[in-house]
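Novice: For this one, chain C is given, so just place chain A on it according to the hints.
2 protein chains.
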Amino acid sequence: MKTKEFLGQLHAIDRDCCLLEKTAAILQWDQETNLPPEGVEERANQLALIEGLANERAADPQIGRFLEELGSKTENPSGDEALPPVERDFCRALRRRYDRAVKLPPGFAAAAARAESLSQAAWVEARRNNDFAAFVPHLKAMVDFARKRAEYWGFTGGAVYDGLLDAHEPGIAAEEIARLFGPLRERLSALLKRISAKNAAGLERGGDWAFLNQPYNTEQQARYSRDLMESLGFDLRRGRLDTSAHPFTTTLGFSDVRITTRYIEGNVLSAIFSTIHESGHAFYELDINPDLRGTCLAEGVSMGIHESQSRLWENVFGRSRAFWEYQFPRLKAVFPEQLREVTADAFYRAVNRAGPSLIRIEADELSYSLHIILRFELERRLFSGDLAVEDLPHAWRRSMKELLGIEPQTDAEGVLQDVHWSMGSFGYFPSYALGNLYGLQFLKKLRQDLPGYEEDIARGSFAAIRQWLRENIYTWGRRLDPADLLFKVTGENLSVSPFLEYIEAKYTELYGL
Amino acid sequence: MKTKEFLGQLHAIDRDCCLLEKTAAILQWDQETNLPPEGVEERANQLALIEGLANERAADPQIGRFLEELGSKTENPSGDEALPPVERDFCRALRRRYDRAVKLPPGFAAAAARAESLSQAAWVEARRNNDFAAFVPHLKAMVDFARKRAEYWGFTGGAVYDGLLDAHEPGIAAEEIARLFGPLRERLSALLKRISAKNAAGLERGGDWAFLNQPYNTEQQARYSRDLMESLGFDLRRGRLDTSAHPFTTTLGFSDVRITTRYIEGNVLSAIFSTIHESGHAFYELDINPDLRGTCLAEGVSMGIHESQSRLWENVFGRSRAFWEYQFPRLKAVFPEQLREVTADAFYRAVNRAGPSLIRIEADELSYSLHIILRFELERRLFSGDLAVEDLPHAWRRSMKELLGIEPQTDAEGVLQDVHWSMGSFGYFPSYALGNLYGLQFLKKLRQDLPGYEEDIARGSFAAIRQWLRENIYTWGRRLDPADLLFKVTGENLSVSPFLEYIEAKYTELYGL
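Respectively, the protein sequence lines represent chains C and A. Residues are numbered in the working numbering as their position in the first sequence, beginning at 1, plus a constant of 3. Residues are numbered in the working numbering as their position in the second sequence, beginning at 1, plus a constant of 3.
The following block holds chain C by itself, in its conformation from the complex:
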């Protein structure tokens, strides 16, 4: 009976792998927040070494051997020989990471990393010069690397894109996403057209939002952001708020989850909603069952579930009337001059103004998913062979016209706007829109269990909400796949209805449609 020993060995390898991954995350966090400019080059060498060591651990041949020795014990849920459920989940997560790592031939990951680094630099230049042609060879290389990676993982032919999706959202295929995005596309587009018509008819409330176009002192913004995250329940003994060029959340340890934001004098909403968004990501990571600490199970299960949390906090809670009922007086106390004439209701309307726009990361809650659907459809066609890289700008403009009713004048504000493709990240975008769907399905159940949750928010109290999210979602870490987690919590499969009903109700009321 060597079961215990094999498991112990697997845990030892996994432990080192996780410690190395966290170490790499620390180097990256420091790079984004603190690194002196001249230190960049050596930092890249440090990161490459640590990431290489983490990858070595993830692909340690001993993992394959021990998993084989454990054999059916890692799968069979019955019988004396079966492992405890949490150990089976551990073995499954370990095998998934191991398989992904060992199926790539030696040198592939390093070659891809080098090409990605060149490609990202080329993208920065191409976007700056609005020169898509200069970026084409790099983007082609990125598509090739992604295709090969999926093929090594065992996804061939028409399933290549499924392989890329699976890396971000385990278990979901392009066909299912397309089935969901169909009605999403149609109804969001229709809703957006009605709002555009209202806006065009001069009925938009732009005049009420002039208070946003004022300078807001960034030091005071920082003070308000810290207060805000603490009022959401962020425990600063287990995390931090810092500033970086682009907001992000990173887990440097089980009790060291850090978020960043940025302060723009002319845009007070930017820091506020980044702070809430990243706090949502952080709460997920901070509230995983402590028994899983230090293992590969102690992280969010997928990009989509992660985004469901950041978006739940940012949009559903953070852009609600109840939220600003409590927070607006607090914000007004920090910026009494700028907000003197403004009411909580006007502020609520201002943070929910909608309309078609060119740039994804500036889009409102309603039109955001349309930006994602556009990218999903183009990615899918790229990998089915239906669309050539050279034809992307044209396809982009056509889709924008169709989905949002507007067209970019330049590729810089069109196909070149996002960093993702330049890094070879295909199959990533859909998670953002899936997050909206998961989030509203979770909320439907939360509302049943906590019917008074909106009054809580209006009182600035998030304890019960956070507890519900922790006990139902966060605590599981990677133990359950996204679809199983969703079903366990809601008793339903992935669906667009809760999200569409929420969005349609919210914007019908907001715009008096």
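Since the hints were made in silico from the structure, they are not lab data. All clues stand as given, with none of them false.
Far from chain C by the CB rule (all over 10 Å, computed), these chain A residues:
#1 P108
#2 A118
#3 R190
#4 R226
#5 E233
#6 L272
#7 D290
#8 A325
#9 V337
#10 Q420
#11 E474
#12 D484
Just so you have them, the derived chain C footprint on chain A, three or more residues with Cβ under 8 Å:
#13 25 to 32
#14 40 to 47
#15 51 to 60
#16 250 to 257
Label pairs and their calculated CB-CB ranges:
#17 A:R18 - C:N270: 43 to 49 Å
#18 C:N270 - A:E365: 46 to 52 Å
#19 A:H249 - C:E222: 26 to 32 Å
#20 C:A113 - A:D294: 25 to 31 Å
A virtual CB, placed ideally from N, CA and C, is assigned to each residue, including glycine.
Specialist: Just chain A now, kept in the frame of chain C:
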């Protein structure tokens, strides 16, 4: 002719080892400056893993093999077969690190690290409770580990303490230090007694220093410290200033050297002189020849030479009349209220007030070396077997009385005051006093080459001084041993005269003796 290949392999191993050491330094820096309190435990695991990997590289058996293959090429300075000088220095430094690592038996380093960690925790408690007896078993263990370590390195019998000294100051032995500390002890003690007599006779200028006992806003202190470090020539593209409980300097990359300070509202001098002191350490690391970047030669050669630089900047430059001629108006502009009645000369006198005190880290420039001499003499007796751990408190009080004329009332402000012994760091203290000696010998030469250096300081211009230090000292990194570096720069061996002449002149003038 495989020379090139062997050298290449040695550089590859050394490169990884250095990257891992820097990575560990990043984890530590983050721990001191940013880590949320609950993250401490996991950070210890991350650090242990990375330090373990660095130690593995330092003791990689291939290093021994390749050095052997290179054989006499690494040593013989003549002949066609000889390596270029810089590669010989590289092999020598590599061998030193390798020998130190491989001579320790397996498990020794880990056992010592565990014991040190327990001992340090016990010391914190013992100091808090003023309970030396509770610390005795730990201190005995620390002495034992240190003795064994030196013995493994090949220092036996009466030479054990030499082995510990050599780890901090390569090439120096206890006998030589004793020879230097003799006259230092005698003349500093005598000078201090004359100052004490003056102070006791009511002639001290304490009344003039009342302005120090006021609150100085810590945010303004921080702003002044940043300005100060930049005015010394610290290039913020290659480093940072942060805050931590105890000020330190750390090298996270060739162009990423960070210093910390701390801001105490009731003590404006603390942050100022920490900032200058740590800047001195940083300049040394930042100005090493860029050709050595990323190798084991790209660091300061010894603790003593490092301290010579921090003390040169902090005391010789930073506590000079010329320095405050330029800086005082700037400080006064930040704190106009507190410094309204104060002149540059009064400030100069205030930062140089002297007298016997119990606590080393609060001692003035004159009496500081006496605190070191006391520790050196006790350490030496501990390792010669002449003094038992249990008898340390008594011996401490006797020496304090003899050297400084005062006695601690408690062990907490006596033998328990420093962290060093609790971590098993024996042979470390002398570097602080050696730094004073090296520093003034360097200054003697600098003054010959740059006779106008004091006018430069009075004009706030450090460019020529920094260039001289870089070209003569900093650029070498670890290529030269301390004694060789000193001789190369000054043409002299280690000597107390320049330091004693400087101190006696300065304090005779200050106190009108």
